[in-house]
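Protein chains in written order, with this note's numbering: chain A, 989 to 1158; chain B, 80 to 437.
If you are wondering where the hints come from, they were derived from the structure by calculation, not from laboratory data.
Beta carbons are placed, not taken as given, at the ideal position from N, Cα and C, and that holds for glycine.
Incorrect hints may appear among the rest.
Negatives, chain A to chain B, calculated, CB over 12 angstroms [what the hints assert, rightly or not]: (1) 1000; (2) 1031; (3) 1065; (4) 1072; (5) 1073; (6) 1076; (7) 1078; (8) 1079; (9) 1082; (10) 1088; (11) 1108; (12) 1110; (13) 1118; (14) 1139; (15) 1144; (16) 1155.
Some residues of chain B that are not near chain A, with every Cβ distance over 10 angstroms (derived) [claimed, not checked]: (17) 222; (18) 279; (19) 317; (20) 410.
Derived DSBU-like pairs: lysine-lysine, alpha-carbon spacing no greater than 35 angstroms straight-line [unchecked claim]: (21) 254(B) x 341(B); (22) 261(B) x 1039(A); (23) 254(B) x 312(B); (24) 1039(A) x 128(B); (25) 261(B) x 341(B); (26) 239(B) x 254(B); (27) 128(B) x 1155(A); (28) 1039(A) x 1155(A); (29) 128(B) x 1042(A); (30) 239(B) x 261(B); (31) 341(B) x 312(B); (32) 312(B) x 239(B).
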Amino acid sequence: MADDSTIEGRGPVTTLATPIRLDFDFTPGIAQSVFLRGLARGRFMGQRCPKCGKVYVPSRGSCPTDGVPTTEDVELANVGTVTTYCVVNVPFAGQSIEIPYICAQVLLDGANLSFMGLIQEIPTDEIRMGMRVEAVWVDEADLTPSLASVKYFRPSGEPDADYESYKEYL
Amino acid sequence: MSPAGRTVRPVSIASFAQMQNVRRDDEHNEVEMLMPVVAEVFGTIGITKDDVDFICSGSTDYLIGGPFSFVMALDAVGVWPPRAESHVEMDGAWALYEAWTLLQEGEVDAALVYSFGRSSLGDLREILTLQLDPYYLAPLWPDTVSLAALQARALIDSGKSSEAEFAAIAARSRKDALANPKAQVAGDRSVDELLRDEYVVSPLRRHALPPITDGAAAVVLAAGDKARQWSDKPVWITGFDHRMETHSLGARDLTSSPSTAKAAEVAGVHDGPVDVAEIHAPYAHQEVIVREALGLDDSVRINPSGGPLAANPMMSAGLIRIGEAAERIRSGQAGRAVAHATSGPCLQQNLVCVLEGA
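The task is simple: from the sequences and hints, build the whole structure.
Printed below as a string of structure tokens:
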């Protein structure tokens, strides 16, 4: 059957795969280097805004509210509060953690910015807002300037934080 | 009603700042690169972020290889309390056009425009391939230098230019760059010497290529009372337009730039004499094409800053042309200047801005 939309009888082209790969270097900058080097020492390092006094972890070198450089390095506690969370039940390609698992925003004591962490050593139905957690680090020999140095967070055993103490960070 | 491209409400380039252009800034992230530039552009006219009503930026995530870098870059300004903000995935010259349009409408009186480009973090020649049509061209991975070389070859074949002229443009640019402390590449080499450079992609020798540059720039635009309050000698935008050509390189005559010619006509380049032109022609041969499209004669001083052959931070080099042209007027070296910006492969998109002193 004559069909001028086909090429050599193989039918029309319906899809086209054009693989693209680009490699990039990453420049963390002065402020994020403080954070990353802290992780290599098993410490959370942030920076304080000289104007509003807020502590960002990790800091990108400026206060996003005031637009001024954050120059004072601040070491933060190893413990914090779960401000919000989600339980992951959906499998996806490249998943390295067994489902279900808990992903949470953790506000470290002394910080004014929460960041995402994995919560382990607790049944998924017991996670809650306000839960106090502590960071569990990899063995000292395995510490690197990367968030991979933090294995996960687990309940610290302290009583839950008062809602008022973290409601600003939801 | 005013014709398209001409100013309805006078808007001035109130302030301009740029980072020291470098081959690679390993020390700072994007926010840290931008903060001193933003501080300078406000500081030189004694204002703060609270004095601008609108912010517009130009950048592309493709250079950094990370998503939403333009959102994080806003941390360099500090947008609290919240204000109107926009971004273009274009050179900052187009961000300036968007801000200028808003000022034309009279809803705001002052705007901050900034742009940044980390050209050094990946393979720039390959990254720029991704701006091509994704079905027919990009999968073949023609890199940006090779495409520019095809254009240069076509220009030589047309009889409009020569390798010697490319070398003369490079020699003039880098000599002028000696007087520009922010330039990345400067030097005094003769045309004969340059013509002994090796080809990168024939017929383009090393000197006809722009440097790979990390950089950032910022401009404050002001209208009405603020324009006069912030400057004794305001530099006014009197015409502004941008045009683009088809993305299909095979459908274009690469030896001419009808989009530049149209933008120049609409912006009123020929309504008066032109003292200085800052042309964003990253490759030496492209200056020949743009100069012809702008209709500039030999009396016009081209790229006194050294132009993009002296520093070519992606996404910023066009905005820098506008800033440099404005500085020539502010310093009294020029009364009327033209700034040009380009984007896309082989001069696909072009913007023309006419500036005049008070």
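Structure-based check of each hint:
1. 1000: holds, 14 angstroms
2. 1031: holds, 21 angstroms
3. 1065: Correct as stated: the minimum Cβ-Cβ distance to chain B is 24 angstroms, above 12 angstroms.
4. 1072: Holds, since 21 angstroms exceeds 12 angstroms.
5. 1073: holds, 23 angstroms
6. 1076: At about 21 angstroms from chain B, residue 1076(A) clears the 12 angstroms cut-off, so the statement holds.
7. 1078: Since the minimum Cβ distance to chain B is about 21 angstroms, residue 1078(A) lies beyond 12 angstroms and the statement holds.
8. 1079: Per Cβ check, residue 1079(A) is outside 12 angstroms of chain B; nearest 24 angstroms; holds.
9. 1082: The claim stands: residue 1082(A) keeps its Cβ more than 12 angstroms from every Cβ of chain B (closest is about 17 angstroms).
10. 1088: Correct as stated: the minimum Cβ-Cβ distance to chain B is 27 angstroms, above 12 angstroms.
11. 1108: The claim holds: residue 1108(A) sits with its nearest Cβ about 28 angstroms from chain B, beyond 12 angstroms.
12. 1110: holds, 32 angstroms
13. 1118: Label holds. Min Cβ-Cβ 27 angstroms, cutoff 12 angstroms.
14. 1139: holds, 25 angstroms
15. 1144: Answer for residue 1144(A): holds, closest chain B Cβ roughly 31 angstroms.
16. 1155: holds, 19 angstroms
17. 222: holds, 12 angstroms
18. 279: holds, 21 angstroms
19. 317: holds, 32 angstroms
20. 410: With a cut-off of 10 angstroms, residue 410(B) remains clear of chain A, as the shortest Cβ separation is near 29 angstroms.
21. 254(B) x 341(B): holds, 31 angstroms
22. 261(B) x 1039(A): Cα-Cα ~31 angstroms, so holds.
23. 254(B) x 312(B): holds, 29 angstroms
24. 1039(A) x 128(B): Measuring from Cα to Cα gives roughly 15 angstroms; hence the hint holds.
25. 261(B) x 341(B): holds, 32 angstroms
26. 239(B) x 254(B): The given pair, whose Cα atoms are some 24 angstroms apart, holds under the 35 angstroms limit.
27. 128(B) x 1155(A): Holds - the C-alpha atoms of residue 1155(A) and residue 128(B) are around 29 angstroms apart, at most 35 angstroms.
28. 1039(A) x 1155(A): holds, 22 angstroms
29. 128(B) x 1042(A): holds, 19 angstroms
30. 239(B) x 261(B): Given pair residue 239(B), residue 261(B) holds - Cα atoms ~32 angstroms apart, limit 35 angstroms.
31. 341(B) x 312(B): holds, 30 angstroms
32. 312(B) x 239(B): Roughly 40 angstroms between the alpha carbons, so the hint for residue 312(B) and residue 239(B) is violated.
Hint compliance for this structure: hint 32 alone is broken.
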